[in-house]
Amino acid sequence: MAPFRPCRFMHSCCSPAEKPQKFNKIHRDSFPENFAFGVSTSAYQVEGAVSTDGRSMSIWDSFSHVRGNIYDNSTGDVTCDHYHRYKEDIQLMVALGIDAYRLSISWSRILPDNTGRVNQAGAAFYNSIINELLHHGIEPYVTLYHWDMPQYLENDPQVKGWRTRKIITHYVYFATTCFRLFGDRVKNWITVNEILNIAVSGYGTGTRAPGRCSVISGTQKRVYIGDSATEPYLVAHNVLLSHAAAVKLYREQFQSEQKGRIGIALNSKWYEPYTEDKHNVSAAQRCLEFELAWFLDPIFFGDYPVSMRITAGSRLPSFTEDDTKELVKSVDFLGINYYTANYAQNSDEELDPSLRWYSTDRQASVSSRGADGELIGEAMGPSDGGWIYDCPWGLRRLLAWMQARYGKEEFQDCPILITENGCSDPELNLSVKKAKQDEWRIRYLHGILQHLLDTIRNDGCNIQGYFIWSLLDNFEWDKGQAFRFGIYYVHHQWNLNRDPKLSARWYGYFLTRSNNLNRKSLLQD
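Take 1 as the starting number for the sequence shown in full-length UniProt numbering and just add one per residue.
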């Protein structure tokens, strides 16, 4: 395992203070020939139609209907109504000129109960989307699990959702069903999206479905249902094992005939040491280990990071020999969801053991401001609930850290895709006109693409795709519809019409290889 070292790019091309190039300097042809450009969504966030054609409830249906769980008390009941408007949305993709669309499949739309019965209407819906995409030359990248566990599995006293190993059998059956139904046309499968958020937000803080928690911020107890000290680790463990089991089955039963590939999508911020003090450098390393190596170390090395074993102790589950055998090299490609960076500062405060959980185990405090009091990057979200700062250099450092830890040669056989990247509006409740003139989003996206290109050209990183989050303003989980990430504006309170924002026009120019892109042309288009 490579030790942490300050990034060798620290004072050169990826300096936090770097000014991005004008956004007409790079375009599609700047990237490798087979590089895939796309957009991402997920089922619960865009589909709506939650009771239509045999779909049953997911944990997000239950969670979002509890008043106070969602920032604006919205739900995914309708959201963008993609279920009925998918052809219209695919036409938006055609207009952009993208190569790929990342979507997810609603587990409870395909398997609405515990009998194993396939809901044919649900299968027909996804078949229609896949066929329509391929008809227009757009490659589907399909995520099997994007947080929407069927409620019947969460309620089952034997299964308990992700909290027991019994879920593995159910997940593999769902995956197998999808491979059989769609695998003749889907060539890129993603087993799971963001294990970190599933485990920590769902079972640590309780801020996302299924909303289980017992400890908040490590020092203040909040008695809900659950155990924040153990459940995040247990859940993450079972998700990893489910991922590995699905990959094993796909490789043994489907891959040679269907000629697809299968990977996983993980999220991580970049963590910059608060100061150059060695304890803060170590804190930044621990944050990366608790956020990304938590899942990548088992996939590349067969076990969790040593730092996690030390601080979490017996609360961190162990792998059997068979578990390790299935996990190691269980990805054909790796998806990385990157949005922002933070500073990390060492925290060695001794806590009552009963108050320990994931956040305190990493022994670090994180913040958006450095020792000089300055933000790590331009704030890209509202002051109330915003968390994204414009740190495109952080993606390059994160990828360099991954290559140093796991070996550059590993990623020659296991390419990387940036499966999510984007930002919200800088303020809540912007006027439609102002929200559509999202020059801040163009700056943010362009900066990321510039650093991504530098990573490919100068660092030898094998990156094969980039997906903007998101195509549409959608239901942003616990933030509801108040936080808008789309490059198309959705009139949620009116008729659900989609209007292109400046960022959509910019992306279209970028993808058509235009060298004549400027603010005036965007505004007049």
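There may be inaccurate statements among the hints.
[Stated by the list, open to error] Simulated crosslink set (DSS-like; lysine-lysine; CA at most 30 Å straight-line):
1. Lys433 to Lys325
2. Lys248 to Lys325
3. Lys87 to Lys248
4. Lys408 to Lys187
5. Lys166 to Lys187
Think of the hints as simulated: they come from the structure by calculation, not from any bench.
For each hint, the structure was consulted:
About 54 Å separates the Cα atoms of Lys433 and Lys325, which puts this hinted pair outside 30 Å; it is violated. Distance restraint check for Lys248 and Lys325: the Cα-Cα separation of roughly 10 Å lies within the 30 Å cut-off, and the hinted pair is therefore satisfied. At most 30 Å may separate the alpha-carbon atoms for a hinted pair to count; Lys87 and Lys248 exceed this at roughly 34 Å. A threshold of 30 Å between alpha carbons decides the hint, and for Lys408 with Lys187 the separation of about 25 Å falls inside it, so the pair holds.
For the suggested pair Lys166 and Lys187, the alpha carbons sit about 28 Å apart, so the restraint of at most 30 Å is met.
Comparing the model with each earlier hint shows violations of hints 1 and 3; every other hint is respected.
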